[in-house]
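Colleague: Letter by letter, the chains look like this.
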Amino acid sequence: MYQEVILDHYKHPHGRGLRDGDAEVHHVNPTCGDEITLRVKYDGTRIEDVSYEGQGCSISQASASVLNDLLVGKDLAEAQRIQETFLELMQSKGKIEPDDAMEEVLEDAVAFSGVSKYPARVKCALLSWMAWKDATAQALDAGADAERKTA
Amino acid sequence: MTQLPGLLDTEAIRKDFPILDRQVHDGRKLVYLDNAATSQKPRQVLDALSEYYERYNANVHRGVHVLAEEATALYEGARDKVAAFINAPSRDEVIFTKNASESLNLVANMLGWADEPYRVDSETEIVITEMEHHSNIVPWQLLAQRTGAKLKWFGLTDDGRLDLSNIDEIITEKTKIVSFVLVSNILGTVNPVEAIVRRAQEVGALVCVDASQAAPHMPLDVQALQADFVAFTGHKMCGPTGIGVLWGRQELLEDLPPFLGGGEMIETVSMHSSTYAPAPHKFEAGTPPIAQAVGLGAAIDYLDSIGMDKILAHEHALTEYAVQRLAEVPDLRIIGPTTAEDRGAAISFTLGDIHPHDVGQVLDEEGIAVRVGHHCARPVCLRYGIPATTRASFYLYSTPAEIDALVEGLEHVRNFFG
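Chains as they are written, first to last, in my numbering: chain A, 579 to 729; chain B, 94 to 511.
Hints may contain errors.
[Unchecked claim] If we take Cβ atoms under 8 angstroms as the criterion, some of the chain B residues that face chain A in the derived model are:
(1) H448
(2) D451
(3) G466
(4) H467
(5) C469
(6) P480
(7) N508
[What the hints assert, rightly or not] Label-pair ranges, simulated between beta-carbon atoms:
(8) E216(B) / S670(A): 35 to 45 angstroms
(9) R136(B) / A679(A): 51 to 61 angstroms
(10) I359(B) / E602(A): 30 to 40 angstroms
(11) V231(B) / D677(A): 40 to 50 angstroms
(12) G672(A) / D261(B): 49 to 59 angstroms
(13) S670(A) / G511(B): 25 to 35 angstroms
(14) R148(B) / E666(A): 22 to 32 angstroms
(15) R624(A) / E504(B): 18 to 28 angstroms
(16) L596(A) / G354(B): 33 to 43 angstroms
(17) T431(B) / R594(A): 45 to 55 angstroms
(18) G692(A) / V231(B): 29 to 39 angstroms
(19) D497(B) / D621(A): 52 to 62 angstroms
[Stated by the list, open to error] To give an idea of the chain B side of the interface with chain A (calculated C-beta under 10 angstroms), a few residues:
(20) F352
(21) H450
(22) F509
These aren't lab readings, by the way, just hints derived from the structure by calculation.
For every residue, glycine included, the Cβ atom is placed at its ideal position computed from N, Cα and C.
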């Protein structure tokens, strides 16, 4: 479960710290107290930044770091595809062995495939990804509202 | 092997618990240190359960056939065993529930529906403590919300004890009920019952004691406690899940109204109204957990055969050894009393910045089962500014070698995440 890649991200997180954003969300995992505050910044449909601050287990914190690596700079549609692929892997109960195609999409995030065998820990791995999805929905809603107002 | 004064013959005792022979994760010996969550069950209890179903299974208090009579005798026999185990003045004061949570909810609901002088309403106050399990917080929050009563609580000191310095302001003439835990499931603290009971009696408040972490580990005498209600559960004391106990003083059980209605709890029923059976049946609506009660009776026989005072001494010796050994682990902070004095055998701790889930997972890979999280006592975590803890908890079959394994496992955790 604790792949070297995960421990690396846990000990040396990428993109950690809160920076300017279009929307901010705070998500918690009530069973273990993992917490994350996450902000997204969009330039049109391109993800300019995902910044975050949190506390929790190595799985939840490393997952946020991997998310930052994977999603920053991507177009929204591609980011959504990555998020859905990660969700599919995490909900697989250990039954999906990531193939080359999946590895190409998920890069470092395939290291979490072992976590999917532990039901209690899947939520830890998904915490930041659910926060990102929520923040993105809020940012896009706010953007749409602003457009309507200026129209 | 470490020899401590007061230890039980664990080599013999462990032979009674088949599960303790299990190996996990490719041949690692199971080190079960999650006894505060639930205890393991001896062969004697497992046999009683299967014998009940194989030979006696029937519904109780209903039929006239042989099995019904035998099942009733076994079920009521279990009540006698519980009554003797807690030194209850009468067997009719022992109510079977499904767990301690239900027992505590039952008390809250009796008082919520009661007439004077027991009635809890917007003019009255309920007192609990900050170290309660959620099962002794939420029922009282619900009662307070539904009746308008004010919920108050004792805070905690930095070393994990109840802060009783303002007891006269917390428990007042308005207090109707004081409900508190005898031994904390997260801090391990053994609370000073006498001081609280004395003040409650001064103002005429009822006292309810959550003995879930006491009944399995020490002699429990409800008369000596001088409480009005005592709640505990079977599965933490070698019994099966699905059986709990509420003991209540007879005169209260006579006066207070039932909570759940149904079969078994009635005297007569017409379409307009019903009258109720005397306690304890008044509070046992529906088919009760019969096999589970029989299993609890067998668990009590088992514990009695070893002796609760000897179990207490065994766990005290283990706890003393454990707090000493854990103090050797760098960055380890015990949450709760740091000595074995007035302390039960559940020890919570943090390990530097390593999240308890990570601690628990790596220990599990070594075969060591501990509990991680907030232990259904989240206010305690908030009080000490921590998200969660790791908890090791011992029982009559735990050994010093298992504590050594835990300490080694924690070293491994530190290296892994260091």
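Colleague: Evaluate each hint against the coordinates.
Modeller: Going down the list of hints, with the structure as the test:
1. Among the interface hints, the one on H448(B) holds; its C-beta lies about 4 angstroms from the nearest C-beta in chain A, closer than the 8 angstroms criterion.
2. The criterion of a C-beta within 8 angstroms of any C-beta in chain A is met by D451(B), whose closest approach is roughly 5 angstroms, and the hint holds.
3. With a least beta-carbon distance of about 6 angstroms to chain A, the hint placing G466(B) at the interface is held under the 8 angstroms criterion.
4. At its closest, the beta carbon of H467(B) sits 6 angstroms from a beta carbon of chain A; the interface hint therefore holds under the 8 angstroms criterion.
5. A least Cβ separation of about 11 angstroms between C469(B) and chain A goes past the 8 angstroms threshold, and the interface hint is therefore violated.
6. Interface hint at P480(B): satisfied, since its Cβ lies 4 angstroms from the closest Cβ of chain A, which is below the 8 angstroms cut-off.
7. Here the hint on N508(B) is broken, as its CB sits about 12 angstroms from the closest CB of chain A, past 8 angstroms.
8. At about 57 angstroms, the CB distance of E216(B) to S670(A) disagrees with the hint of 35 to 45 angstroms.
9. Range check, R136(B) to A679(A): Cβ separation about 53 angstroms, and the 51 to 61 angstroms hint holds.
10. Distance hint check: the CB atoms of I359(B) and E602(A) are about 57 angstroms apart, inconsistent with the given range 30 to 40 angstroms.
11. Distance hint for V231(B) and D677(A): a CB-CB separation of about 47 angstroms, consistent with the stated range 40 to 50 angstroms.
12. In this structure, G672(A) and D261(B) meet the distance hint of 49 to 59 angstroms, their C-beta atoms being roughly 58 angstroms apart.
13. Range check, S670(A) to G511(B): Cβ separation about 31 angstroms, and the 25 to 35 angstroms hint holds.
14. Distance hint check for R148(B) and E666(A): the Cβ-Cβ separation is about 51 angstroms, which falls outside the suggested range of 22 to 32 angstroms.
15. Distance hint for R624(A) and E504(B): a CB-CB separation of about 47 angstroms, inconsistent with the stated range 18 to 28 angstroms.
16. One distance hint, 33 to 43 angstroms for the beta-carbon pair L596(A) and G354(B), is violated here, with the actual separation near 55 angstroms.
17. Checked against the hint of 45 to 55 angstroms, the pair T431(B) and R594(A) fails, with Cβ atoms roughly 34 angstroms apart.
18. Range check, G692(A) to V231(B): Cβ separation about 36 angstroms, and the 29 to 39 angstroms hint holds.
19. For the pair D497(B) and D621(A), the supplied restraint of 52 to 62 angstroms holds, since their beta-carbon distance comes to about 58 angstroms.
20. Annotation: F352(B) was flagged as interfacial toward chain A, and the flag is violated, the nearest CB pair being 28 angstroms apart, outside 10 angstroms.
21. The criterion of a C-beta within 10 angstroms of any C-beta in chain A is met by H450(B), whose closest approach is roughly 4 angstroms, and the hint holds.
22. Hint status for F509(B) relative to chain A: holds, with the closest Cβ pair at about 7 angstroms, below 10 angstroms.
Comparing the model with each earlier hint shows violations of hints 5, 7, 8, 10, 14, 15, 16, 17 and 20; every other hint is respected.
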